[in-house]
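Asker: Chain by chain, the residues:
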Amino acid sequence: EEEIINKHPKHYVYGNLDIEDFVRNLTKHGVTDMKVEDTPGGHIVHLPSEDTIIQVEEGSTHIFCEGNETLRKKLRDVLIMCLPKF
Amino acid sequence: LVMHDNRITIVEASQALKECSASEHEIRFTSTVSLPPACSMDVLYKTLKQRFSGHNVQHASDGSLQVDSVLVKISGESDEGTDMLVSWPYQDEELGSSLLTMLQNRFAKEKRE
Chain L
5 EEEIINKHPK HYVYGNLDIE DFVRNLTKHG VTDMKVEDTP GGHIVHLPSE DTIIQVEEGS
65 THIFCEGNET LRKKLRDVLI MCLPKF
Chain Y
1410 LVMHDNRITI VEASQALKEC SASEHEIRFT STVSLPPACS MDVLYKTLKQ RFSGHNVQHA
1470 SDGSLQVDSV LVKISGESDE GTDMLVSWPY QDEELGSSLL TMLQNRFAKE KRE
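Line by line, the protein sequences are chains L and Y. Residue numbers for the first sequence, in the numbering used here: 5 to 90. Residue numbers for the second sequence, in the numbering used here: 1410 to 1522.
Treat the hints as calculated values from the structure; they're not laboratory data. Hints are supplied without guarantee of correctness; some may be wrong.
To be verified - Computed spacing ranges between beta-carbons, pair by pair:
#, chain 1, residue 1, chain 2, residue 2, range
1, Y, Ser1449, L, Glu73, 19 to 29 Å
2, L, Gly45, Y, Lys1458, 19 to 29 Å
3, Y, Gly1485, L, Glu73, 16 to 26 Å
4, Y, Asp1414, L, Ile23, 34 to 44 Å
5, L, His50, Y, Thr1418, 39 to 49 Å
6, L, Asn20, Y, Asp1488, 41 to 51 Å
7, Y, Asp1414, L, Gly34, 42 to 52 Å
8, Y, Ile1483, L, Asn72, 17 to 27 Å
9, L, Ser53, Y, Gln1424, 41 to 51 Å
10, L, His33, Y, Ile1483, 25 to 35 Å
11, L, Thr43, Y, Gly1485, 39 to 49 Å
12, L, Asp22, Y, Ala1447, 40 to 50 Å
Ideal placement from N, C-alpha and C gives every residue a C-beta, glycine not left out.
For reference, chain L alone in the conformation it holds in the complex:
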């Protein structure tokens, strides 16, 4: 069967991520096992027990997951919540 896919995102996000606000909100949503490292371009949030890495840079965020869609969607929603959007 063929999938019917919505081609528009639910939000348009802009600007930069406040890493402290992001970490605070992740904790609030039950993500507690994490390590934050500073990098030359921003930060890396590592979730060791989930084999997941979030690379935060100026103007971009990349979430690397091991296929756990429930976790990825939670990280996505918290990220969107923490970014300015319309």
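Starting from the structure of chain L, add chain Y where the hints point.
Answerer: Below, chain Y without anything else, positioned relative to chain L:
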């Protein structure tokens, strides 16, 4: 909607951001899925072409596959199977998520059998 001199106009989201001197925050997701050894890139191509027939499914020059802006790439091979990376921008969130879930369900089942 963007307001100019008390006139409201409809513009593309990217144009609206430009007019407000803001830049888009790019979000990308990369997830992994393990496929059985019998699943070649050709089998995968045919499956994606059939399942996502309303989308642009093509082979990229480096051997990976692309469905619109969703990239499907080999990250490692062993006797157990092939590890694939599925990567997509937030703009194609529904397609990326749906493609990943389809691969997980369909091929993980074959792997167990």
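Asker: Confirm or reject each hint.
Answerer: Going down the list of hints, with the structure as the test:
1. Distance hint check: the CB atoms of serine 1449 of chain Y and glutamate 73 of chain L are about 25 Å apart, consistent with the given range 19 to 29 Å.
2. At roughly 38 Å, the beta-carbon separation of glycine 45 of chain L and lysine 1458 of chain Y lies outside the given 19 to 29 Å, and the hint is violated.
3. Roughly 21 Å separates the CB atoms of glycine 1485 of chain Y and glutamate 73 of chain L, a value that falls within the hinted 16 to 26 Å.
4. At about 39 Å, the CB distance of aspartate 1414 of chain Y to isoleucine 23 of chain L agrees with the hint of 34 to 44 Å.
5. Against the hinted window of 39 to 49 Å, the Cβ-Cβ separation of histidine 50 of chain L and threonine 1418 of chain Y comes to about 44 Å, which satisfies the hint.
6. Judged by the Cβ atoms, the range 41 to 51 Å given for asparagine 20 of chain L and aspartate 1488 of chain Y holds: they are separated by roughly 45 Å.
7. A C-beta distance of roughly 48 Å is found between aspartate 1414 of chain Y and glycine 34 of chain L, which places it inside the suggested range of 42 to 52 Å.
8. The hinted range of 17 to 27 Å is satisfied by isoleucine 1483 of chain Y and asparagine 72 of chain L, whose Cβ atoms lie roughly 21 Å apart.
9. For the hinted restraint 41 to 51 Å between serine 53 of chain L and glutamine 1424 of chain Y, the CB-CB distance of approximately 42 Å keeps it satisfied.
10. The hinted range of 25 to 35 Å is satisfied by histidine 33 of chain L and isoleucine 1483 of chain Y, whose Cβ atoms lie roughly 33 Å apart.
11. Checking the proposed 39 to 49 Å range against threonine 43 of chain L and glycine 1485 of chain Y shows it is violated: the Cβ atoms sit about 25 Å from each other.
12. Aspartate 22 of chain L and alanine 1447 of chain Y have their C-beta atoms about 47 Å apart, which keeps the hinted 40 to 50 Å range intact.
Checked against the numbered hints given earlier, the structure breaks hints 2 and 11 and satisfies all the rest.
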